[in-house]
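Trainee: Take a look at the letters that make up each chain.
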Amino acid sequence: MAARSQMAMSLAFHIIFAVIGVALPLMMIVAEAQWLRTGDRVYRVLARRWAKGAAILFAVGAVSGTVLSFELGLLWPGFMKFAGSIIGMPFSLEGFAFFTEAIFLGIYLYGWDRISPRAHWLAGLMVAVSGAASGWLVVLANAWMNTPVGFTMVDGHVTDVDPIRAMASPAGLAEALHMTLASYAATGLLAAGVHAYWLLRDKADAFHRRGLAIALAVGGVAAVLQPISGDYAAKVVARTQVAKLAAMEGQFQTGRRAPLRIGGIPDVKAGATRFAIEIPAVLSWMAYGDANAEVVGLDDIRPEDRPDVRVVHPAFQIMVGCGMAMMGVSLWGAWLAWRRRRVPDARWFLRAVLLTSPMGMIAIEAGWTVTEVGRQPWVIQGILRTSEAVTPVGGLWGSMLAYTGLYLFLGAVVVRLLLAQFRAGPSAEEMEAGS
Amino acid sequence: MTPESTLAAIMLAALTLYALFGGADYGGGAWDLLASGPRGRAQRDLIAHAIGPVWEANHVWLILVVVILFTGFPPAFSAVMTNLHLPISLMLVGIVLRGSAFTFRAHDPSPGSERRWNHRFSIPSAITPVLLGSIVGAIATGRVEGPGGASAWLTPFPIAVGLLTLSLFAYLAAVYLTVEADDPALADDFRARAIAAWLASAALAAAVYGLARSEAPLIARGLDASPWGFPVRVATAVLAAAVLAALVGRRFVLARAGAMVQVALVILGCGLALNPYLVPPGRTIANSASPPITLKLMLGALGAGSIVLFPSLFCLWRVFKSRAIVRPKP
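Heads up: the sequence lines are chains A and B, in that order.
Here the first sequence stands for residues 850 to 1284, numbered as in this note's numbering.
Here the second sequence stands for residues 93 to 422, numbered as in this note's numbering.
These are computed hints drawn from the structure, not numbers from a lab.
Computed from a prediction, not measured in an experiment: that's the story for all the values here.
Heads up, some of the hints might be wrong.
[Unchecked claim] Partial selection, computed: residues in chain A whose CB lies under 8 Å from chain B:
id: 1; residue: Val909
id: 2; residue: Phe919
id: 3; residue: Leu921
id: 4; residue: Phe947
id: 5; residue: Ala951
id: 6; residue: Tyr959
[Unchecked claim] Quick list of the computed label-pair ranges, beta carbon to beta carbon:
id: 7; chain 1: B; residue 1: Gly238; chain 2: A; residue 2: Ser1236; range: 23 to 31 Å
id: 8; chain 1: B; residue 1: Ala317; chain 2: A; residue 2: Ser1236; range: 41 to 49 Å
id: 9; chain 1: A; residue 1: Asp1157; chain 2: B; residue 2: Pro368; range: 45 to 53 Å
id: 10; chain 1: B; residue 1: Gly129; chain 2: A; residue 2: Val1070; range: 52 to 60 Å
Backbone N, C-alpha and C fix where the C-beta goes; we use that ideal spot for every residue, glycine too.
Isolated chain B (complex conformation):
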């Protein structure tokens, strides 16, 4: 593997981790918005409890993706940031509002403050993933650098990708929360939500897949051409069915593992489809890469950083998620 494709693979991995962890935090926010029924309050508390210690660490994966992109592939970074200026700016506003409102809610002692902050946390939580997905979808259409590229994100394909992103994030969050809930009734609330999000994701995935043929032909062909395209698609479908069965059978720990692998496979599929492009049709991994010395140092820095990062993440999860990791199924 060349240094630039290794770096691109690491970037995809970081994006996957952002989706699996950071994405679930957004999904949690979306469920906060939809908290209802006799246990609405308990649902909100569980979500806040699950997100509180970890969301900032989860958020850093996104920063890592951006840093790899601008260090390793500066022309691609500039192209994306110039042509998708508006949706990216809007997404940033969402990120700022979501994060600060969540923290303010936790630390604001004044009466009635919780209600006030709830919506400022949950509404951006639901909108930001749609924007994130539509940015990725717009890049996939191959139109962002052409005429009318600045509004490419407002066409059906990117919007469908955006909705799919939200739906997948909500799905992950609901599946995780079934494991983290102490009360079986609360776990069942999230089980129902997980199944609903599963169905929505399946429908949206079909829509994205159908639209891709006409709206993002380069990408659709890329997936067909990749030798891994078919096995990845089959594995995703098999896992999706298995997770649904596990959810129905209340085997939540199993469902969680399956859902994580399933979403990772979806993102891997997108990556395979996009390969060898970063911003199609003009910018590939090879033609926008930094000089080899930068790429090698970057890989070295990422390796050295991981030595600090992964043990630290392990500490974090040991302290806060240990019960959720080892707990037997209810």
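Here chain A stands alone, though its shape is the one from the complex:
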């Protein structure tokens, strides 16, 4: 349990940094491209500020990612012994993507006045591309844990290993696409919220207007596309992990014309989800494309193989709810921008942006809860139980508490530094600095 808590906490911490590290570089190079195209120096200041934010987050993301790569072995030696040879591939490729990202981020951050603007922009592009690639690869490894393929089990031993097939596991595309879009949506709208906050105080601020426009564009497009990828991901889960689907939807009884439940509290003793709004047959239709399709309920899954529906169902509802709100705000913003042909700055809209800004990160944490807790009690679906993978080392609660304390401290510092970055508009010297 301590091992799971420590892993969950480390992941929950790392993922926020990783996500912003994937998406912020894209926003930063859009801003820089706008500067190169229009010569408007405010864009340059914006790119520099976002780049500084990216630097802080990337550094913490890099070191917390290092911790995770060790924790795979420190906490789950049984898992790594079993799976290392099968899913090492995406991790080694990720190593190179991470290398590329670190190298070009170094060039981008410290090279403003050392290389030509075009070369500098290209360095930024490399950061954005390799960041997305490394996130994609890591998620592929997780997808394999959900839908393990590419090996054969003979008497408890692994043979016929095929790392390429393991990388292209059935859940791979669905999970990686969903996660990548989530990064852009969550980061874009989070940054939009910060800029909206300052615009609510001074509507004319050119720095924050431009920041809001780019952040909304990046985050909004991803937020609108996200439900489509989510629908696809859910269909894959329905096909490959019936127990997870049942837990996500709070489905206890197996049956046709299964309803889609919105909200509700799963009552395990009674074997029903209470207080939910039920839309008949929609779950069967969404999961299998047929309103009459049968959806397996938790009651038909062996008790020792059931995930904890009391966690998975609410987490899934939170994720979907946040995602819908983000899509709504994005569509509203697009409509305002299209009608007025300028940055949407209506007060009510800015307030809504501010309100939705943390939702992307909440949705990401909830989504990971769904995929990880929904897979329990397995660490590799149907193959290896979490209890068989955990380290025999004792005293893990101590290490769990130490890391939690460390991460809380770092998180607090990062938030303070980032807010300081964006508090003020550009100063005169920033506008003139450099070439």
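Use these hints to put chain B onto chain A, whose structure you have.
Mentor: Leaving out everything else, chain B in the frame of chain A:
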């Protein structure tokens, strides 16, 4: 060469590159802690300036080592991570604190923040290499999988290896900084430090060598038995003497090249001594290797990755270290 020994050789090479580049960043942090004299402030600035753009890229070598170990040799990885849980966890805390404090120091605009972050950067910089070395030393004793293996890193041999690691990292950093310093007086500060670290490293290397006979007999015999053991030891000693002469004569660019080769040879010697084991006495390169298909794909991935990696690293050094690469000796 079999695929598994090729992969093990690449892992050793990645560890060497981590020591030469990432190690020097730790060494820089240790000198930050010891910055003193009339140019203390300038010393700190030079260190920060030298590390800033490159430390994250240098750090990735360690991740590469870990990834090769868990993909290519999963049982050895599990054995190390289970038995050396505590020192590895402590080392990770050091890595996290060092990296984040360095970045925070660079980006914290609040007054007095620099002082606050200095120690959180420099103290972990000095402690982490000791832990890293003691982990390697503990593996070398051949006791980590036996009874009391979890505390094997707290015996004299691993601790001596840990101190030697710190001393070598500090030595590399000081030698590099003599080249990167603009001001001759500042270069001389680091010249004195480089010579001090040279002497400390020599003493610690002798201690490690002496302890190895009784504390890590398998490894000591491995080095004697290897046909390369003797030439590598002689070459290391000759280079060490040459670097000292170059430092005394202020031929810093030459000293830097020599110091890099010297440290690489030390690590090569360790690798030769450990061969054919990964975690002695039970786990060898051959018996903990993944299936051949994984090893071959891994080698392919490493080859393909290098095509992206090395030109990118070249760009990085061109942009930030070009002056240091081509600058004539002062």
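Trainee: Hint by hint, note whether the structure agrees.
Mentor: To see whether the hints hold, each was checked on the structure:
1. Given hint, Val909 (chain A) at the interface with chain B, holds; its Cβ is 5 Å from that chain's nearest Cβ, closer than 8 Å.
2. The interface hint given for Phe919 (chain A) is met, as the beta carbon of that residue sits about 6 Å from the closest beta carbon of chain B, less than 8 Å.
3. About 7 Å separates the beta-carbon of Leu921 (chain A) from the nearest beta-carbon of chain B, less than 8 Å, and the hint is met.
4. Here the hint on Phe947 (chain A) is kept, as its CB sits about 6 Å from the closest CB of chain B, short of 8 Å.
5. Below 8 Å, beta-carbon pairs count as interface contacts, and Ala951 (chain A) has one with chain B at about 4 Å; its hint therefore holds.
6. Satisfaction of the interface hint for Tyr959 (chain A) is found here, the shortest Cβ-Cβ separation to chain B being roughly 4 Å, below the 8 Å cut-off.
7. At about 26 Å, the CB distance of Gly238 (chain B) to Ser1236 (chain A) agrees with the hint of 23 to 31 Å.
8. For the pair Ala317 (chain B) and Ser1236 (chain A), the supplied restraint of 41 to 49 Å holds, since their beta-carbon distance comes to about 44 Å.
9. Distance hint check for Asp1157 (chain A) and Pro368 (chain B): the Cβ-Cβ separation is about 47 Å, which falls inside the suggested range of 45 to 53 Å.
10. Checked against the hint of 52 to 60 Å, the pair Gly129 (chain B) and Val1070 (chain A) passes, with Cβ atoms roughly 56 Å apart.
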